[in-house]
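**Student:** Take the given structure of chain A and dock chain B to it, following the hints.
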Amino acid sequence: MDINLRFGMQRDKEIIRDLADKIDGLVIPAHILAYQEASTSVFVASFKNMPYIIDPMTFLLQHSRENLVNDSGELRISIGKMCDEYHSSLSGLLSNLPAGGSLRPGSIPDQQELCKNIYKTQTESVAEKSTTKKAEKYIKRYGRGALTLPRFVVAPYFRFDSTNDPWYGLSLELANIMKNICESKAESLESGVILYLSADNLNDATINRIASDYASFRHIVVWLDNFDEASVITDNIVKSRQLIKQLAGFSDVEVLYGGYLLMTTTIEGLSAISHGILYSLHKSFVITPGGGGVPERYYIPKFKAFRSLSQTDLILHRHTELICDCVICQDVMRGDPDRIVLFADEPEKLRQHFIAVRRNEADQIETTKRDTIVDELRDTYSIYHKSISHLPNPDAYKSGSNMHGLEYLNRWADGIEHNIS
Amino acid sequence: MERSKKINKEISEKRLADVLVSHIRKSNPVKREYRHYEKYIDLIGLVIDSNELMSVEVKVKNWQKAFQQAVVNLAVAEKSYVAIYSEYIHRVDLDRLRACGIGLISVGSVWGAVQFIEPAKSSQLVNTITNKRIKEKLCTSGA
Numbered sequence: 003m004d005i006n007l008r009f010g011m012q013r014d015k016e017i018i019r020d021l022a023d024k025i026d027g028l029v030i031p032a033h034i035l036a037y038q039e040a041s042t043s044v045f046v047a048s049f050k051n052m053p054y055i056i057d058p059m060t061f062l063l064q065h066s067r068e069n070l071v072n073d074s075g076e077l078r079i080s081i082g083k084m085c086d087e088y089h090s091s092l093s094g095l096l097s098n099l100p101a102g103g104s105l106r107p108g109s110i111p112d113q114q115e116l117c118k119n120i121y122k123t124q125t126e127s128v129a130e131k132s133t134t135k136k137a138e139k140y141i142k143r144y145g146r147g148a149l150t151l152p153r154f155v156v157a158p159y160f161r162f163d164s165t166n167d168p169w170y171g172l173s174l175e176l177a178n179i180m181k182n183i184c185e186s187k188a189e190s191l192e193s194g195v196i197l198y199l200s201a202d203n204l205n206d207a208t209i210n211r212i213a214s215d216y217a218s219f220r221h222i223v224v225w226l227d228n229f230d231e232a233s234v235i236t237d238n239i240v241k242s243r244q245l246i247k248q249l250a251g252f253s254d255v256e257v258l259y260g261g262y263l264l265m266t267t268t269i270e271g272l273s274a275i276s277h278g279i280l281y282s283l284h285k286s287f288v289i290t291p292g293g294g295g296v297p298e299r300y301y302i303p304k305f306k307a308f309r310s311l312s313q314t315d316l317i318l319h320r321h322t323e324l325i326c327d328c329v330i331c332q333d334v335m336r337g338d339p340d341r342i343v344l345f346a347d348e349p350e351k352l353r354q355h356f357i358a359v360r361r362n363e364a365d366q367i368e369t370t371k372r373d374t375i376v377d378e379l380r381d382t383y384s385i386y387h388k389s390i391s392h393l394p395n396p397d398a399y400k401s402g403s404n405m406h407g408l409e410y411l412n413r414w415a416d417g418i419e420h421n422i423s
Numbered sequence: 018m019e020r021s022k023k024i025n026k027e028i029s030e031k032r033l034a035d036v037l038v039s040h041i042r043k044s045n046p047v048k049r050e051y052r053h054y055e056k057y058i059d060l061i062g063l064v065i066d067s068n069e070l071m072s073v074e075v076k077v078k079n080w081q082k083a084f085q086q087a088v089v090n091l092a093v094a095e096k097s098y099v100a101i102y103s104e105y106i107h108r109v110d111l112d113r114l115r116a117c118g119i120g121l122i123s124v125g126s127v128w129g130a131v132q133f134i135e136p137a138k139s140s141q142l143v144n145t146i147t148n149k150r151i152k153e154k155l156c157t158s159g160a
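In the order they appear, the protein sequences are chains A and B. Using this note's numbering, the letters of the first sequence map in sequence onto residues 3 to 423. Using this note's numbering, the letters of the second sequence map in sequence onto residues 18 to 160.
Certain hints may be false.
The calculated DSBU-like cross-link candidates involving lysine-lysine, where the alpha carbons are at most 30 Å apart (straight line), are [claimed, not checked]:
hint	chain 1	residue 1	chain 2	residue 2
1	B	82	A	388
2	A	24	A	118
3	A	304	A	371
4	A	304	B	82
5	B	48	B	152
6	A	388	B	56
7	B	152	A	351
8	A	371	A	247
9	A	388	B	138
10	B	56	A	304
11	A	15	A	285
12	A	15	B	56
To be clear about the criterion: a stretch of chain A counts as covered by chain B if any three or more of its residues have a C-beta under 8 Å from a C-beta of chain B, and this derived list gives those stretches [said to hold, decoys possible]:
hint	stretch
13	308-316
14	339-349
Because the hints were derived from the structure by calculation, they are not lab data. Positions of the beta carbon are idealized from the N, C-alpha and C atoms, including for glycine.
With the rest of the complex left out, here is chain A (with noise of 0.2 Å):
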């Protein structure tokens, strides 16, 4: 099964560079290759043979005004520049907006000239921006490397909440053009498209008529809205499976932000998991306000999730058994559950244990049983849920003192041993 890094903030750059042998393909929001233009081009050229993709992003018209413009009440400069490539009227329709408004399906403009743009984008702009004056100055930093297309084209794609929902039918549209794009232009990219939804909407009816529309497609990359393995039911997590192991019968499926859960589908055909580095694991439509830095989090591989590294700490010494074994928490724990306050001193190699252990997750998952998967988990269950769910966790209060512990995993068993057709 294949990894690829979604990057998000500037310093994800240096630290995928460091990760590359563990990875196998780069995602590229087109927001940020819009807005830090020469440095995202110049890193994604730099590499050689990096395949990647570039994520339009065009969601982000759904989003009402609040959410897209910045304290000044101007959009944001990132969606701004995006929006100025994709449409000479896209810029002047959201900053139109008034207060809690949003665009709706009808007030997309000139479709065909939307895909065009889109197209142009994701085929010439890293090409254009790596090669500018402005670039000069990241080539010295990142080098320069073997420029290479996408490896295939992501149409625009919007959220939608049912297949009768305008935003289902808008999608498909734009889809259906960017594939007779694709298919006119001399470069022979395939299109693919990204399937917004959430597992939530999903029945028989819904994953057979997706698949009946996205048949002629073989590149389809599956988001699944707010997909919070820690809290999803097992419900979904079987209508999951299904929506993908039908997609599965005829493309290339690929899920967009997930952790272990859904890298379990591989059972069923996916190819590919998309997630940032220590976050990204899910990804709301809902934009929550606030936020700041991401929280230093340390990835149990036995629990298949993150911990505060104050929980870790306690985790660590009350299971000594549970002290990570890839390289990088060899060199830095030696078996000591003292050292793990060494990562908070250096949060990088948190980081590249994360990519360590879930590269070896990946190359584990393709040659392990449905059985196998599910007793491993009942196990880990088992053996720690009632250690586990008596230690403070800010992330999974419950009530008095006590927290959610590892009931996550026998959702994850049973949505895994449920039979699907």
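**Tutor:** For chain B alone, kept in the frame of chain A given last:
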């Protein structure tokens, strides 16, 4: 009488911490708001006699929140305490604290109004590297 009691109950967490620090600092080096991973420990002190760290999470009345933070502090200090405003001390479930070895301190609004209600047990989960680093800091800064 009613009025003075009401004013008393509006005491701030900072005031309680001030009262507690002034009491502990008499004989031991103390630091407030000490960064530990992603959180801050309200108060950490070095008990000179035993060469042990004591951590304290201070709250006016939300003892459960203080308790959770105090459990995290078991990885830092040999003795981990919860300090609650004396007016609300009766709300604390002592058995729950005892089960984890967390101690309890009652703090009043006036200087010196500090009472150790329940002693903390020695933590078995102390991270010796963190513990040593903090002790060194407390000793060198002479806090």
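**Student:** Hint by hint, say whether it matches the structure.
**Tutor:** Okay, the hints, checked on the actual structure:
no. : hint            : verdict
1   : B/82 <-> A/388  : holds (21 Å)
2   : A/24 <-> A/118  : violated (34 Å)
3   : A/304 <-> A/371 : holds (17 Å)
4   : A/304 <-> B/82  : holds (28 Å)
5   : B/48 <-> B/152  : holds (11 Å)
6   : A/388 <-> B/56  : holds (25 Å)
7   : B/152 <-> A/351 : holds (26 Å)
8   : A/371 <-> A/247 : holds (16 Å)
9   : A/388 <-> B/138 : holds (22 Å)
10  : B/56 <-> A/304  : holds (25 Å)
11  : A/15 <-> A/285  : holds (20 Å)
12  : A/15 <-> B/56   : holds (27 Å)
13  : 308-316         : holds (count 6)
14  : 339-349         : holds (count 7)
The structure is inconsistent with hint 2 alone, although it conforms to all the rest.
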